[in-house]
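Participant: The letter at position 4 of the sequence shown is residue 4 when you use my numbering, and the numbering goes up by one with no holes.
Just so you know, these hints were derived from the structure itself, not from any lab.
Heads up, none of these hints are tricks.
If you anchor each label on the Cβ, the simulated ranges turn out as follows:
| no. | residue 1 | residue 2 | range |
| --- | --- | --- | --- |
| 1 | Leu18 | Ile43 | 23 to 33 Å |
| 2 | Thr48 | Thr4 | 39 to 49 Å |
| 3 | Ile43 | Val14 | 24 to 34 Å |
| 4 | Val22 | His46 | 26 to 36 Å |
We treat Cβ as the ideally placed atom computed from N, Cα and C, and that holds for glycine.
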Amino acid sequence: MVDTLLSNLLAALVFSLLGLSVFLATFVIVDRLTPYALWKEIIDDHNTALAI
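All chains, please: the whole structure from these sequences, using the hints.
Facilitator: Next comes the structure, spelled out in structure tokens:
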């Protein structure tokens, strides 16, 4: 039972890290393809409409 729990927790950790890395890679690709800096618009200029 403990082995199953640890196996499931490890699988959840691996898949969450994989999902976060895919999200980060996609954000970087979209940021490079847009004519303006997404991070600057969202953080510095507080453009919440762009963040949504």
